[in-house]
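**Q** This is what each chain is made of:
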Amino acid sequence: MVIMNKLYKDRKVINIIDDNTNLKIEVEKDNMIIINCFFDNIQDMQIDVKQFDDSYLVINYAGFIRENANVNINVDVIGNNNKTVVNTRTISQKNHATFEVKIKANESTQNNDIIEDLKAINEEGTVTFLPVLQVDTKEVNASHFATIGGFDKNELFYLESKGLSTNKAKDILKRSFIENLFSDNFLKMLNDRKEEHE
Amino acid sequence: MFKIMGLTAKVDNNIILNDFNMEINDGEIHVIMGHNGVGKSTLCKIIMNDENYDILNGKILFNGKNLRDLKTYEIAREGIMLISQNPIAIEGVTNAEVLRTALRETRNDKINIFDFNKKMEEVCDKLKLSRDFIHKDINVGASGGERKKIELLHMAILEPKFIMLDEIDSGLDVDAIKDVASFINEYHKETKCSILIITHHPNIIDYIKPNYVHILDEGHIVKTGDYLLAKQIEKYGFVSTNAMTEDGNHE
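Residue numbers (the numbering used here), protein chains in the order written: chain A, 157 to 354; chain B, -9 to 241.
In short, the hints are calculated from the structure, not lab data.
Keep in mind the model is a prediction, meaning the values are calculated, not measured.
Treat each hint with caution, since some may be false.
Simulated coverage check for chain A against chain B, where a stretch passes if three residues somewhere in it have a Cβ under 8 Å from a Cβ of chain B [stated by the list, open to error]: (1) 305 to 317; (2) 320 to 332.
Across the chosen pairs, the derived CB separations fall in these ranges [as the list claims (entries may be wrong)]: (3) B:Asn98 to A:Gln249: 23 to 29 Å; (4) A:Gln249 to B:Leu46: 33 to 39 Å; (5) A:Arg349 to B:Ser172: 46 to 52 Å; (6) B:Gly27 to A:Asn341: 31 to 37 Å; (7) B:Glu149 to A:Gln202: 29 to 35 Å; (8) B:Asn56 to A:Asp196: 40 to 46 Å; (9) A:Asn297 to B:Phe104: 49 to 55 Å; (10) B:Tyr217 to A:Asp196: 56 to 62 Å; (11) B:Glu87 to A:Thr254: 31 to 37 Å; (12) A:Asp308 to B:Leu46: 23 to 29 Å.
Yeah, the Cβ is synthetic: ideal placement off N, Cα and C, and Gly gets one too.
Build the full structure now, drawing on both the sequences and the hints.
**A** In structure tokens form, the structure reads like this:
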């Protein structure tokens, strides 16, 4: 399911729920695009984005890994004064997934701001992050973070000390881990869809 | 009744509690005082079966059940609650969600949301805590004093029978200490719960009157007295008070 809402003239939100059709888009001058992706079962997918000038791109990608999968996110920054943010939040429940997130700041581009923030919680499965920042210019501000871990022991202890079973505490922490990434509008869509399926 | 018998425990290969013994009857208020790092907070975590600590020996009994056989959430469901010194913040998880889930799980019953919300609001008002915190993420953006009050909100909703207050007075100004103490006193009066207060300052004891005060040192209780023992500690410090005879003279 792909839903596009044009909220105002130069801003687009692309919401993707459980649809792993490859995505190819361009972020034109003075545009802002937010891409929200949630998958109950992450599968192979490729997202290719080209960014021109003075634009803002946010990719929020989250979901559960239950089958082997390869996800590639490529952002090609070919203009100046752009902001690029790619966030992933995944929970590996079974098998293995590889995420290659590549952001390229092209030669002679200027004043671009790039952030990759990749986080995963491993349960019974595993995940590999391949964060790539290809910087062919000196005029860029780029950073990336990749964290793969288990549940925070202090958070689990806190919730269990209130009487929540270990599984229930983990469920709550998993939900918050993923939901923290998204806006209220997208969360409402996720909830509506969940209710439809129930 | 809460009873600890011959408890020896370690963390990172250091023995923290060594043949620790204690007994708290229903409705009693006990205070444990001691230097920083002597193991007061560790005792609380061990009672809640925090997996970071290894128990080598001993029993922790609550109403006849050995808590060592139970997991943390099972201990909580027995009616034991720890209000820790620095309650952590959890983003994305609201107070209402945790308390609703805890009640559903512990009481195995459906929650009347109207009654639940009403009680939460009443408790917030009593604690002089903004009602906004009900639907805010746990302790996120809350000051030290607000965090303590949020924990007391949890207490009032979950209605424990045995409460451990670890440094409840730290980070509170005088007015907040009075509010917090008054709330705890009222809860104690209503529920006849047992309370274990952990502190190294006797301030809180001016507002919550204990039945017994204990000094913890070298892994176990080295001296027990009443409210006056706390006053002696305030005046003379731990070392001198330890060395005093019961009539207040030095040995």
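**Q** Take the C-beta atom of Arg349 of chain A and the C-beta atom of Ser172 of chain B, compute their distance, and say whether it sits inside 46 to 52 Å.
**A** 48 Å, holds
**Q** Please test the hint of 29 to 35 Å on the beta carbon pair from Glu149 of chain B and Gln202 of chain A.
**A** Since Glu149 of chain B and Gln202 of chain A have Cβ atoms about 54 Å apart, the given range 29 to 35 Å is violated.
**Q** Note whether the CB distance of Gly27 of chain B and Asn341 of chain A lies within 31 to 37 Å or breaks it.
**A** 49 Å, violated
**Q** Count residues of the stretch 320 to 332 of chain A with a Cβ under 8 Å from any Cβ of chain B, then say if the count reaches three.
**A** It holds, with 9 qualifying residues against the three required.
**Q** Does the Cβ-Cβ separation between Asn297 of chain A and Phe104 of chain B fall within 49 to 55 Å?
**A** About 51 Å separates the Cβ atoms of Asn297 of chain A and Phe104 of chain B, which means 49 to 55 Å holds.
**Q** Do three or more residues from the stretch 305 to 317 of chain A put their C-beta atoms closer than 8 Å to C-beta atoms of chain B?
**A** holds (count 8)
**Q** Taking 56 to 62 Å as the hint, is the beta-carbon distance of Tyr217 of chain B and Asp196 of chain A inside that range?
**A** 59 Å, holds
**Q** Do the beta carbons of Glu87 of chain B and Thr254 of chain A sit within 31 to 37 Å of each other?
**A** At roughly 33 Å between Cβ atoms, Thr254 of chain A and Glu87 of chain B fall inside 31 to 37 Å, so the hint holds.
**Q** Does 40 to 46 Å hold as the CB distance between Asn56 of chain B and Asp196 of chain A, or does it fail?
**A** With Cβ atoms ~42 Å apart, the hint holds.
**Q** Can you tell me whether the CB distance of Gln249 of chain A to Leu46 of chain B sits inside 33 to 39 Å?
**A** Once the Cβ atoms are compared, 36 Å apart, the range 33 to 39 Å for Leu46 of chain B and Gln249 of chain A holds.
**Q** A range of 23 to 29 Å was offered for this pair. Does it hold for the Cβ distance of Asp308 of chain A and Leu46 of chain B?
**A** With Cβ atoms ~27 Å apart, the hint holds.
**Q** Given the hint of 23 to 29 Å, is the C-beta distance from Asn98 of chain B to Gln249 of chain A inside that range or not?
**A** Since the Cβ atoms of Asn98 of chain B and Gln249 of chain A sit about 27 Å apart, the hinted range of 23 to 29 Å holds.
Violated hints for the displayed structure, listed by number in ascending order: 6 and 7.
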